[in-house]
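Student: With the hints as extra help, turn the sequences into a complete structure.
If you're matching them up, the sequences are chains A and B in order. The numbers in full-length UniProt numbering rise by one with no breaks, and the one at position 489 of the first sequence is 489. The numbers in full-length UniProt numbering rise by one with no breaks, and the one at position 75 of the second sequence is 75.
Worth flagging that the hints you see were computed from the coordinates, not collected in a lab. Don't take every hint at face value.
As a list, the in silico DSSO-like pairs of lysine-lysine whose alpha-carbon atoms are at most 30 Å apart [what the hints assert, rightly or not]:
no.	chain 1	residue 1	chain 2	residue 2
1	A	K301	B	K427
2	A	K135	A	K124
3	A	K256	A	K124
4	A	K256	A	K229
5	A	K102	A	K229
6	B	K324	A	K511
In this text, all values refer to a predicted model and were calculated from it rather than measured experimentally.
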Amino acid sequence: MSSQPHVLVIGGGSTGCGIARDLAMRGLDVTLVEQGNLTHGTTGRMHGLLHSGGRYAVADQASAKECMIENRILRDIASHCVEETGGLFVKRPEDSEEYFQKKLEGCKECDIPVEVLSGEEARKEEPYLAKDVEKAIRVPDGAVDPFRLCVANAASAEEHGARIETHAPVVDVLKEGDEVVGVEVEHESGPGKRVHREPGTREEIRADYVVNATGAWAGQIGEMAGLEKEIEVRPGKGVMTIMNTRQVDTVINRCKPKGDADIVVPHETTAILGTTDVEVDDPEDYPEEQWEVDLMIDTLKELVPIIEEARTIRSFWGVRPLYEPPGTGTSDSTDITRDFFLLDHADRDGVENFTSIVGGKFTTYRMMGEDISDHVCDKLGVDAECRTDEVPLPGSDDFSVLRDYMDEFGIRSPIGRRSAQRLGSRTDEVLDVDGPNPTVCECEAVTRAEVQDGIEGSGSDLNAVRLRTRASMGNCQGAFCCHRMASELYDEYDEETAYDAWDELYQERWKGERHAMWGRQLSQAALKYSLHGTTMNRDKDAATTDTVISDFTAFDTGAGASPSDGTAGTAATDGGRRGGD
Amino acid sequence: MAIREDVIVIGGGLAGSMAALEAADGDASVRLITHKKSTLRHASGLIDVLGYLDEEEPVADPFAAISELPDDHPYSIAGEAAIRDGLARFDEAVGDTYLGSHTDSNALLPTFGGAVKPTARYPAAAAAGLASDSRDMLIVGFEELTEYNAGMLADHLDAADVPFDVEGVELNFPGEYAHDSRVTRFAKRLDINEDVDHDGQTMGARQALADAVAPHVGDAERVGFPAFLGDDHTADVRADLERELGVDVFEIPMGPPSFPGMRLADQLKDALDDAGVHISAGNPVINYEADGDEIEAVIVDSKGREVPYHAEEFILATGGLVGKGIDSDRDGTVEEPIFDCHIPHSDDRYDWFDEEAFGNQPFAHFGVRIDEGMRPLDADGEPEFANLRAAGGVVGGTDPVTEKSQSGISLTTAAVAGQRARERAAKREVSQ
Numbered sequence: 001m002s003s004q005p006h007v008l009v010i011g012g013g014s015t016g017c018g019i020a021r022d023l024a025m026r027g028l029d030v031t032l033v034e035q036g037n038l039t040h041g042t043t044g045r046m047h048g049l050l051h052s053g054g055r056y057a058v059a060d061q062a063s064a065k066e067c068m069i070e071n072r073i074l075r076d077i078a079s080h081c082v083e084e085t086g087g088l089f090v091k092r093p094e095d096s097e098e099y100f101q102k103k104l105e106g107c108k109e110c111d112i113p114v115e116v117l118s119g120e121e122a123r124k125e126e127p128y129l130a131k132d133v134e135k136a137i138r139v140p141d142g143a144v145d146p147f148r149l150c151v152a153n154a155a156s157a158e159e160h161g162a163r164i165e166t167h168a169p170v171v172d173v174l175k176e177g178d179e180v181v182g183v184e185v186e187h188e189s190g191p192g193k194r195v196h197r198e199p200g201t202r203e204e205i206r207a208d209y210v211v212n213a214t215g216a217w218a219g220q221i222g223e224m225a226g227l228e229k230e231i232e233v234r235p236g237k238g239v240m241t242i243m244n245t246r247q248v249d250t251v252i253n254r255c256k257p258k259g260d261a262d263i264v265v266p267h268e269t270t271a272i273l274g275t276t277d278v279e280v281d282d283p284e285d286y287p288e289e290q291w292e293v294d295l296m297i298d299t300l301k302e303l304v305p306i307i308e309e310a311r312t313i314r315s316f317w318g319v320r321p322l323y324e325p326p327g328t329g330t331s332d333s334t335d336i337t338r339d340f341f342l343l344d345h346a347d348r349d350g351v352e353n354f355t356s357i358v359g360g361k362f363t364t365y366r367m368m369g370e371d372i373s374d375h376v377c378d379k380l381g382v383d384a385e386c387r388t389d390e391v392p393l394p395g396s397d398d399f400s401v402l403r404d405y406m407d408e409f410g411i412r413s414p415i416g417r418r419s420a421q422r423l424g425s426r427t428d429e430v431l432d433v434d435g436p437n438p439t440v441c442e443c444e445a446v447t448r449a450e451v452q453d454g455i456e457g458s459g460s461d462l463n464a465v466r467l468r469t470r471a472s473m474g475n476c477q478g479a480f481c482c483h484r485m486a487s488e489l490y491d492e493y494d495e496e497t498a499y500d501a502w503d504e505l506y507q508e509r510w511k512g513e514r515h516a517m518w519g520r521q522l523s524q525a526a527l528k529y530s531l532h533g534t535t536m537n538r539d540k541d542a543a544t545t546d547t548v549i550s551d552f553t554a555f556d557t558g559a560g561a562s563p564s565d566g567t568a569g570t571a572a573t574d575g576g577r578r579g580g581d
Numbered sequence: 001m002a003i004r005e006d007v008i009v010i011g012g013g014l015a016g017s018m019a020a021l022e023a024a025d026g027d028a029s030v031r032l033i034t035h036k037k038s039t040l041r042h043a044s045g046l047i048d049v050l051g052y053l054d055e056e057e058p059v060a061d062p063f064a065a066i067s068e069l070p071d072d073h074p075y076s077i078a079g080e081a082a083i084r085d086g087l088a089r090f091d092e093a094v095g096d097t098y099l100g101s102h103t104d105s106n107a108l109l110p111t112f113g114g115a116v117k118p119t120a121r122y123p124a125a126a127a128a129g130l131a132s133d134s135r136d137m138l139i140v141g142f143e144e145l146t147e148y149n150a151g152m153l154a155d156h157l158d159a160a161d162v163p164f165d166v167e168g169v170e171l172n173f174p175g176e177y178a179h180d181s182r183v184t185r186f187a188k189r190l191d192i193n194e195d196v197d198h199d200g201q202t203m204g205a206r207q208a209l210a211d212a213v214a215p216h217v218g219d220a221e222r223v224g225f226p227a228f229l230g231d232d233h234t235a236d237v238r239a240d241l242e243r244e245l246g247v248d249v250f251e252i253p254m255g256p257p258s259f260p261g262m263r264l265a266d267q268l269k270d271a272l273d274d275a276g277v278h279i280s281a282g283n284p285v286i287n288y289e290a291d292g293d294e295i296e297a298v299i300v301d302s303k304g305r306e307v308p309y310h311a312e313e314f315i316l317a318t319g320g321l322v323g324k325g326i327d328s329d330r331d332g333t334v335e336e337p338i339f340d341c342h343i344p345h346s347d348d349r350y351d352w353f354d355e356e357a358f359g360n361q362p363f364a365h366f367g368v369r370i371d372e373g374m375r376p377l378d379a380d381g382e383p384e385f386a387n388l389r390a391a392g393g394v395v396g397g398t399d400p401v402t403e404k405s406q407s408g409i410s411l412t413t414a415a416v417a418g419q420r421a422r423e424r425a426a427k428r429e430v431s432q
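Tutor: Next comes the structure, spelled out in structure tokens:
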């Protein structure tokens with residue numbers, strides 16, 4: 001055991017992973033537990049916007065300044081997760097000129113570099129922008145891959161000695177008197193990487209300090225710790241609708257005070273429309289509603305008209321972990337601050353060695369991690385500096401993506417380029433394999449080497465492999481690759497494990513795609529249904545469904561099929577042995 | 001130049017091709033109008049008639065099971081004789097490249113997804129793979145391909161209690177390739193028996209493949225490969241491998257690009273040519289002209305020019321949702337885009353699907369409803385037109401995916417539509 005204090009972090013989203021990395025880099029002994037995959041909660045369900053701060057530049061300048069600072073840092077330390085798309089705040093004729101000017105001034109006050117473009121100039125850059133857009137403010141918004149960023153933080157934490165346990169929901173917070181001394185987790189498939197069908201175990205993990213970074217789930221952990229005062233996180237759901245292609249290459253924001261459906265974010269091969277904000281009771285169970293999807297398309301077509309005719313491939317919902325201090329009494333959830341709060345339960349509830357972090361937003365995850373790490377170090381009497389603002393994440397150190405991967409690794413150029421963009425400085429290590437490296441996912445250009453790397457990182461959980469690699473996240477939504485990904489699990493994992501993982505991934509893909517079921521995506525879904533049903537017969541698979549075949553002899557055995565030889569096979573000739581029965 | 005035929009078929013997939021062959025069996029002049037590549041390239045090439053009535057057991061004898069289908073099922077409307085007619089027409093078109101006509105019973109075949117599937121007709125290339133045959137089996141997979149892993153597939157067949165021993169082996173395809181070559185590259189190499197370097201020697205690709213597989217055959221009496229054993233010369237490829245290995249060789253039908261599906265498309269094309277069917281390819285039918293309830297012509301969009309094609313009888317075989325014979329929209333519309341034939345559906349698009357991926361999927365039932373002459377019916381149950389018939393995926397009313405009845409419904413509806421169109425066109429000629 002290390003002689004360093006042991007800190008247990010609950011929650012494998014951006015905040016938890018950021019904290020784990022920070023503390024591990026400061027030399028502490030860290031364990032992170034997460035109930036699902038990394039990014040299982042809110043982090044994996046966001047629109048991928050790297051804020052410039054422009055959105056908060058009028059109403060919440062403190063947040064806006066923080067965003068811009070962190071935006072600069074992430075472009076540096078997480079370059080393989082960030083695409084510097086730039087962003088536009090666009091003004092339509094009916095939008096207020098006064099607000100446009102306020103936004104411009106606000107950005108300047110918050111040190112956000114801006115430039116005003118005429119409607120014509122804006123359309124030159126983004127040809128699908130509506131003809132009546134009058135003008136725009138350019139800001140340094142970007143796109144970020146939250147999965148990749150989380151995984152990179154977790155990987156860095158591991159490199160610094162941390163233990164990361166996914167699929168390990170906390171079932172109890174352990175206390176001795178008024179002190180929190182650890183947690184009990186249930187390993188859904190035993191400690192380590194998730195393996196389907198492996199039986200679960202429970203484990204008590206003791207720690208000197210426990211950090212609750214579970215976002216919308218913070219209240220549930222607080223309850224387990226027996227806090228008298230509830231942690232009142234107010235979960236607000238928002239929809240995000242994914243288009244099949246990038247209608248825009250720049251983040252497009254509507255220049256209005258606030259509202260639903262006011263942003264389009266280019267993300268990898270897609271564009272993501274967002275969003276709504278409706279308070280919900282339970283972060284795990286809330287309705288995903290048709291009106292939300294329709295609102296995205298019907299409102300955002302005012303900015304980018306082609307969206308109405310374009311194809312969406314799925315929709316997903318996320319839950320913002322909004323928090324406001326007791327007594328604030330904001331009735332409209334869209335007015336709740338996006339700021340974050342550090343709740344030391346010693347001060348708040350008289351429970352020692354336990355702090356929760358609530359609220360906040362993805363772009364400032366690192367800063368939140370720094371704050372809480374400072375706090376924890378202070379409590380534990382550790383004197384160590386934060387270095388997460390200057391040390392690049394694994395994958396982002398000293399790397400040029402301009403190399404020709406076709407020559408180096410024998411794969412087609414566009415595929416090699418996409419892989420290199422995802423892997424960053426890990427490209428050599430992952431792609432340099434012996435033997436064939438066929439493409440497993442054509443839509444997202446993911447080769448076997450990347451899928452194998454994902455399996456190495458996350459076990460038999462193909463949804464986790466999907467998040468790491470983007471395999472099955474393109475237009476076909478897994479129609480042509482769910483089974484291929486499952487095949488990659490064998491023979492490190494057995495047949496039953498691989499089929500379980502396949503079925504789970506297939507169902508997960510269906511879940512989001514059903515919100516896009518009309519027009520061409522319904523055709524695509526019908527093809528998927530037909531391929532996996534008619535061609536593969538997986539819906540009546542005698543090994544995995546209720547269907548059984550009790551008498552094979554009742555069927556055509558091939559005898560008499562061909563008049564020449566009396567067996568099913570084409571006759572062997574020229575001295576070969578004939579297959580008889 | 002006015003185009004006038006007795007029968008015009010719209011759509012060049014399995015149903016359209018079979019309907020045209022049926023209609024052309026006589027004096028009628030028949031034209032097939034086809035727009036895009038047939039969805040047969042997505043299809044396995046197996047001809048399923050009826051595989052399941054419920055969740056329990058696969059159907060052993062589809063003809064015996066038909067009486068259990070509901071009255072509005074396309075098979076119930078067309079009748080057993082029509083199913084047999086459709087299969088007979090198909091058997092005639094494909095000759096000895098397909099098997100299964102010797103019995104009413106379904107065969108069971110392994111799919112590349114590892115399940116066993118009941119089907120009525122199967123390519124000769126797949127015949128030695130029957131799961132209802134008890135000979136031991138070796139399945140070969142290739143590191144270069146991703147569709148299945150042979151060991152996993154073999155273990156999964158075993159888990160379904162197939163009545164034979166089955167092993168799987170993953171090999172490298174002999175010769176040098178780019179690290180991410182596609183399946184078509186390997187198929188081509190076998191098709192033309194290209195020379196490859198294998199074991200320090202130069203030899204034909206077929207010989208090299210047999211050499212690589214031979215050490216693994218063991219007690220197996222048949223060896224399965226992905227369905228990529230050649231394209232134009234698939235029988236030769238298989239015969240060469242069987243001679244070298246001394247056992248039967250079969251293909252496991254695959255997903256797109258599906259060689260069995262593409263080979264079937266080629267065969268149907270040849271059969272249409274032999275039958276004297278005119279083919280107009282590459283342009284879509286976008287509209288029609290009618291006089292009362294009689295369609296006089298369909299309008300083809302020929303590079304922006306609208307050209308009428310006149311006929312006595314028309315057969316709609318444009319496919320279902322996959323083939324784009326049925327369109328849908330976010331506002332709850334589900335339509336047949338050429339003639340706007342009635343398609344029963346909910347106006348709420350969230351009623352179109354089930355949350356379970358393999359649940360009861362309402363969208364799978366989308367399609368026109370038909371009378372006994374295969375004429376699409378309007379909302380009141382009356383024929384939309386006197387001389388329009390439907391065949392294949394555009395016909396709805398059941399879920400052919402769960403039933404495993406997709407190809408059989410195509411053949412059956414095509415047979416009736418083709419017969420009726422042919423007969424009625426002839427009658428009108430007499431009366432004119």
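Student: Each of the hints needs a verdict: does it hold here or not?
Tutor: Do the hints match the structure? See the list:
1. K301/A x K427/B: Given that 30 Å is the threshold and the Cα spacing comes to 55 Å, the pair is violated.
2. K135/A x K124/A: Satisfied, since the Cα-Cα distance of roughly 12 Å is no more than 30 Å.
3. K256/A x K124/A: Roughly 22 Å between the alpha carbons, so the hint for K256/A and K124/A holds.
4. K256/A x K229/A: 37 Å, violated
5. K102/A x K229/A: 40 Å, violated
6. K324/B x K511/A: Measuring from Cα to Cα gives roughly 23 Å; hence the hint holds.
In this structure, the earlier hints numbered 1, 4 and 5 are contradicted, and the remaining ones agree with it.
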